[in-house]
Amino acid sequence: MIERTPILNFVTHSILVFGLFMLLLPMYLVIVAASHSLQDVVAVPPNLLPGDQLWVNLQAAWAKGHLGERFVTTFIVAMGVMTGKIVLSCITAFGIVFFDHRLKMPIFWLIFITLMLPLEVRIVPTYAVAANAFLPFQTLLDLTGITWLVNALSGVEIKLELNLLNSYAGLILPLVATATGTFLYRQFFLTIPEELVEAAKMDGAGPLRFLWDMLIPLSRTNIAALATIMFVYAWNQYLWPLLVVTDQSYAMIAVELSRLVPKYSATGGEVPKWHIAMAGTLIVMLPPIVVVVAMQRWFVRGLINTDK
Amino acid sequence: MTFKLSLTAMALMAAATAAHAEKTKFDYWYGLSGDLGAVLAQTCERFNASQDKYEAVCTGYDGYELVVQSAIAAFRAGKAPALLQSFDAGTADLMMSGQFYAVTQMMKDYNIEINWDDYFPGIANYYASSKGELFSMPFNSSTAVMYFNTDDLAAVNMPAPTTWEEFDTTLKALKAKNPEKCAYGYEPSVWVDLEQYSSINNVPLATNNNGYDGLDTKYVYNTTSAVKHMEDIKGWLDAGLAEMKVSAGGMNSQEAFSQNICSFFFGSIANHSSLNLKHADNLHWDVAMIPTEKGAERHNSVVGGASLWVLAGKTEEEYRGVAEYLKFISTPESIKFWVSNTGYIPVTKSAFDALTAEGFYAAAPYKGRETAIASLTATVPGPLNRGFRLGSMIQHRAEWLSEVQAALAGQKTVQEAYDTSVERGNALLEKFAKTYAGKTLP
Amino acid sequence: MRRAYFKNNWVAALMVAPQLLMVFIFFYFPTSQALYWAFTLEQPWGGGNTWVGFENFAAILSDSYYWDSVWVSIVYAAGSTMLAMSMALLLAIFSDRQLAGYKLYRVGMIWPYAIAAPAVGLAFRFIFSPGAGIMMFVNFLVPDLWNPVASGTQAMAMVIVAGAWKQVAYNYIFFLAGLQSIPRSLIEAGAIDGARVLRRMRDIQLPLLAPTFFFVLVINITDSFTDSFGIVDTMTSGGPSRATDLMVYKIFNDGFQGLDYSGAAAQSIILMILVIALTFFQFRYIERKVHYT
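Chains as they are written, first to last, in the working numbering: chain A, 13 to 320; chain B, 2 to 443; chain C, 1099 to 1391.
By construction, these hints were calculated from the structure, which means they are not laboratory data. Just so it is clear, CB atoms sit at the ideal spot from N, CA and C, and this is done for glycine as well. Each hint should be verified, as a subset may be incorrect.
Over 10 Å on every C-beta distance to chain C, these chain A residues come out as not near it, computed from the model [said to hold, decoys possible]: (1) Thr17; (2) Gln65; (3) Ala75; (4) Val84; (5) Ser101; (6) Gly216.
If you anchor each label on the Cβ, the simulated ranges turn out as follows [stated by the list, open to error]: (7) B/Glu181 with C/Ala1156: 52 to 60 Å; (8) C/Thr1251 with B/Asn158: 41 to 49 Å; (9) B/Glu424 with C/Ile1172: 23 to 31 Å; (10) B/Asp110 with A/Gly63: 56 to 64 Å.
Please model the complete structure; the sequences and the hints are all you need to start from.
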């Protein structure tokens, strides 16, 4: 910035280079494995230098994993989840932070608790909801006796059904319904100075105008961070897409990638085709990296005072 | 009247169904992946090409646990497949649920002639009720065998051991000859070390004839020679005659064997095929039956792999398609296609005899696989060799493994470990029985 | 903390309604069904169930192995959270100085987050395998020093490092975003007052990062309790002899693999109560120290 700090700069670079080394070492091993034949990948002792098979393996992975088609579906889902999350968590956090009502904390907790139970634990009932998204309402109607009442009065039996299996809605919606984003926005909104709210009210701006004109421009970096995380999160989804999709035209890329590294017990001891799988990993990683780089533009300092 | 407000998110599917209206579709979910999964997918394609009335829509999952879990979720939501490949550990729950269509009954209902007596009894019994009615279709079947390095055994001038005592002598000879080499790459496996062992040596794993005769079953393997066998293994490991080779350590026992690092490996005959495809150039190997205890008469080993279950709640047309499919896979050509492209063994006597007659097992890469048949048919299965009809097998296997790891690490004796494992296994069985209170095993 | 608020609460209701609806449909409704099973013995294929009250809980809580697993989970959560957060904070605060190569560092640190799960498993198998890769070198220097197959402590260390590794990139993104939303004028003012770089980090940047820090802390602890079975499944399967048998892995093994829905549901409730208590504790005592405006 302003001052000269040669020693500290050296320390800074050392720390960063060391960190980069630790973080990128596994990545390097992936590249090495992607550039050898299978025989060399499983050899003992292992190769620690890249080989010359990278292009061959990349081509094999592209063809074997149908990666071209899977890119399209996965991209749609990832964009859907990312956009849905950003919008939904932004307005929810707004409703929690900038209004004074008793339900603020209960609502926040209600949303927050969704982080505490992984999908694997609730897979059977969640699948049932995906098979019929109206099931919760049907159950409510049944339990409250409304179904019975309507049936008794009019002879009509209410039966609601909305099947989300093998659809983009079924892939996207359950992934949007979690709390990370809401929590992040809450943390950020709480740091917004009260004066801004006062000023907005003084100007006669309503809440929605305040949200749109002030809060969203101010949360640029946080939106960028959240977008990066959510895109990658959705991009790498495995279990949920595996369950709700049997029609391969909706198959997602992480499911396809894991097919390249099958479980030992499910294959009769076949050696996984690590070289192809790792090459596939490199290809599959590209769109998230593009997103990471694209979001970089938004990682800029100076929001409240100078640039505005 | 039923007022059904139906909004389907699958407009495409309706169109697709209309386009192929002439073919009846049925879903088939399986749990094999990798190359095996690809061969299974080909079976579906061959079936679909063989006739124009039915279409098998086949979906593969990575492992039996995953396919069974998916099928249960789908079943409870009314979207289950008609045909499901399920494994030994899922058998008890499926049988108790009753949510299946017994294959023998189905074939009878659809007038398809299948000679059930042709199935090897060691295979059929595993999937049959206590009264002998076959519930699911035997399909990918295997059993455990002993793989050994022929060069190493030749170097010490010894044949493949047939008893554990000889195995012990062989290990010592190998170690004396080449102290640097790992003689036995050991990986704890409840299937090999306990389940196969008990069947082959005719000792009980659990009461009620290993669970076939009722739900009030108790494990008893802490009182049989299985304890001594585990103590032997621990002795070999402690003496350096065997070494732990598990994937958490970077290499499992099969990899250690195929890379010519260890001289012995115990595993499924299904791995015969993958070993053939991938092993160190200087490795020469063969298979033999798993040794028995000295003085114990050899009995048949138990079948591994999976079978095909027809699930309840489907339409008659779908069942007709499934029946055609099951008939298709039990033809000698299909069995040959399956066993020659995988490491599995034929499930019928006639298919095995036909393959033997045409010299299938006489030369590489299939030579040696007949050992598995010999092991499975060593005797006619008695009450202790039919298999195991036990609930919560997955959890019991996890308990066994944890206790064995503790014993091998020297934290407790093998007897203590087995006592704990049996005690905890019994708690699981008790809970299983209580879950199905009022029901009886078919 | 008194704030200025908007008064029209119906707008607030409109804002929170969509997410509440989603959460109800896709989380609370299915979850309540799954949790109901904790008080029954549920047949996996849906043939019905038997009400048993708190019997499942009694069986779990009286099992000494279960308490070991609780302890193991706490060790894992503490270890991986501390490791991942301190690494990420250190790297973020130094990247934020924006020296030469800043953009390169930034992309390099976020990159690992993009890597898919199967590849992480393989890479770490390479790294930690005693007979191959990097740890083979360690064993070459000191024979038999590294053996996670036999040593529970080493297996735990291995799982912690692998679990923390991916979380570093995640935390780094949020820390960096948090640091960047600190107004430049504040830092410049500090510089003009004569505060040196490290001092400014301590006195200006770290306190202003507190809201982000709190977010990352809560998410890391929650994740390490509820989202860690994948790493255990690929690396150790809970072994050796239960040394890495995390609570959530046991739930996964019993419920998802072993079809014991009731036992898994009861364990889930216990895990949820534990995580909610921890989170509540953090909101109650740690958030107090966070100054938002």
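Here's how the hints hold up against the structure:
1. Thr17: violated (6 Å)
2. Gln65: holds (16 Å)
3. Ala75: The claim holds: alanine 75 of chain A sits with its nearest Cβ about 19 Å from chain C, beyond 10 Å.
4. Val84: Nearest chain C Cβ is 18 Å from valine 84 of chain A, so the label holds.
5. Ser101: Serine 101 of chain A not clear of chain C: closest Cβ-Cβ about 7 Å, inside 10 Å.
6. Gly216: The claim holds: glycine 216 of chain A sits with its nearest Cβ about 12 Å from chain C, beyond 10 Å.
7. B/Glu181 with C/Ala1156: 52 to 60 Å: holds (54 Å)
8. C/Thr1251 with B/Asn158: 41 to 49 Å: At 44 Å between Cβs, range holds.
9. B/Glu424 with C/Ile1172: 23 to 31 Å: holds (27 Å)
10. B/Asp110 with A/Gly63: 56 to 64 Å: Given about 58 Å between the Cβ atoms, the range holds.
Comparing the model with each earlier hint shows violations of hints 1, 5; every other hint is respected.
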